[in-house]
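A.B. asks: Here's the letter readout for the chains.
2 protein chains.
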Amino acid sequence: MASHLESSIEGIIKVFHSYSGREGDKYKLSKTELKNLLEGEFGDSMKSCKDPQVLEHIMSGLDEDKDGEISFQEFVVLVFELTVTCNEFFQDMKDQGSKKV
Amino acid sequence: MASHLESSIEGIIKVFHSYSGREGDKYKLSKTELKNLLEGEFGDSMKSCKDPQVLEHIMSGLDEDKDGEISFQEFVVLVFELTVTCNEFFQDMKDQGSKKV
Chain C
1 MASHLESSIE GIIKVFHSYS GREGDKYKLS KTELKNLLEG EFGDSMKSCK DPQVLEHIMS
61 GLDEDKDGEI SFQEFVVLVF ELTVTCNEFF QDMKDQGSKK V
Chain Y
1 MASHLESSIE GIIKVFHSYS GREGDKYKLS KTELKNLLEG EFGDSMKSCK DPQVLEHIMS
61 GLDEDKDGEI SFQEFVVLVF ELTVTCNEFF QDMKDQGSKK V
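Chains as they are written, first to last, in UniProt numbering: chain C, 1 to 101; chain Y, 1 to 101.
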């Protein structure tokens, strides 16, 4: 049976390929595929953002080699940053909780 | 309901804290906690490796600020590298499979 960490790693890989295989290079995310991934995985928070410049900004920030698409390695940087941010939030919440006790 | 990506991110955070909270700084992995995490999450492949220098090597490679412990940010680098390596393996397997058809 896969460990929790192995399942998480597998989950990240599966999510990427479930979107990257839809058009063009099957191992890279086009701008439309990235948009679909962000909307599909971060739902309402992305859908409620009507400004197309947000997607442009995320895309250009991730597209290290400037080929107009997001490779898996470039995508993992986003996941890395989100994970570190979520952890900081989690630790802050935990610290605040323990101060109240 | 959490998306697949959100669940994966949550899984990475949970795994780290389930080991980091056992002794000393609850937000950092001591060498023993890192050893337990690697054995717990990568089971047989780590347990079958009897050479203690492997743990020393992983520890010193991750411990960016040389404080003798692994912070969450330092740990995520390991997960990042493992994820990229697993994805390369997955893509190679997929490419080999499609060549056979």
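If you are wondering where the hints come from, they were derived from the structure by calculation, not from laboratory data.
These figures come from a predicted structure and were not determined experimentally.
Please note: incorrect hints may appear among the correct ones.
No copy is singled out in the list; a pair is fine if it fits within one copy or between any two copies.
As the list claims (entries may be wrong) - With a cut-off of at most 25 Å between alpha-carbon atoms, the simulated SDA-like pairs for lysine to any residue come out as follows:
1) LYS35 <-> MET93
2) LYS14 <-> SER3
3) LYS99 <-> ILE58
4) LYS35 <-> PHE80
5) LYS31 <-> GLN73
6) LYS26 <-> SER71
7) LYS14 <-> ASP95
8) LYS26 <-> LEU82
9) LYS99 <-> PHE72
10) LYS99 <-> CYS86
11) LYS94 <-> SER60
12) LYS66 <-> SER18
13) LYS28 <-> PHE89
14) LYS26 <-> ASP92
15) LYS99 <-> GLU41
16) LYS26 <-> GLU6
17) LYS28 <-> SER98
18) LYS26 <-> GLY43
19) LYS28 <-> MET93
20) LYS94 <-> LEU55
21) LYS99 <-> HIS4
A.B. asks: Taking the hints in turn, state whether each one holds.
C.D. replies: Structure-based check of all given hints:
1. LYS35 <-> MET93: neither (30 Å within a copy, 27 Å between copies)
2. LYS14 <-> SER3: Intra 16 Å, inter 12 Å, cutoff 25 Å: intra and inter.
3. LYS99 <-> ILE58: Result: close neither inside a copy nor across copies, 36 Å intra and 35 Å inter.
4. LYS35 <-> PHE80: both (18 Å within a copy, 22 Å between copies)
5. LYS31 <-> GLN73: within (16 Å within a copy, 28 Å between copies)
6. LYS26 <-> SER71: within (10 Å within a copy, 35 Å between copies)
7. LYS14 <-> ASP95: between (33 Å within a copy, 16 Å between copies)
8. LYS26 <-> LEU82: both (24 Å within a copy, 21 Å between copies)
9. LYS99 <-> PHE72: Between copies only: 22 Å across, 40 Å inside.
10. LYS99 <-> CYS86: within (20 Å within a copy, 40 Å between copies)
11. LYS94 <-> SER60: neither (34 Å within a copy, 28 Å between copies)
12. LYS66 <-> SER18: within (23 Å within a copy, 39 Å between copies)
13. LYS28 <-> PHE89: between (30 Å within a copy, 16 Å between copies)
14. LYS26 <-> ASP92: Classified as between; 13 Å across copies, 39 Å inside a copy.
15. LYS99 <-> GLU41: neither (33 Å within a copy, 32 Å between copies)
16. LYS26 <-> GLU6: Intra 23 Å, inter 23 Å, cutoff 25 Å: intra and inter.
17. LYS28 <-> SER98: between (43 Å within a copy, 18 Å between copies)
18. LYS26 <-> GLY43: Within one copy, since 23 Å is at most 25 Å while 33 Å is not.
19. LYS28 <-> MET93: between (36 Å within a copy, 17 Å between copies)
20. LYS94 <-> LEU55: neither (32 Å within a copy, 30 Å between copies)
21. LYS99 <-> HIS4: For LYS99 and HIS4, the Cα distance exceeds 25 Å both inside one copy (30 Å) and across copies (32 Å).
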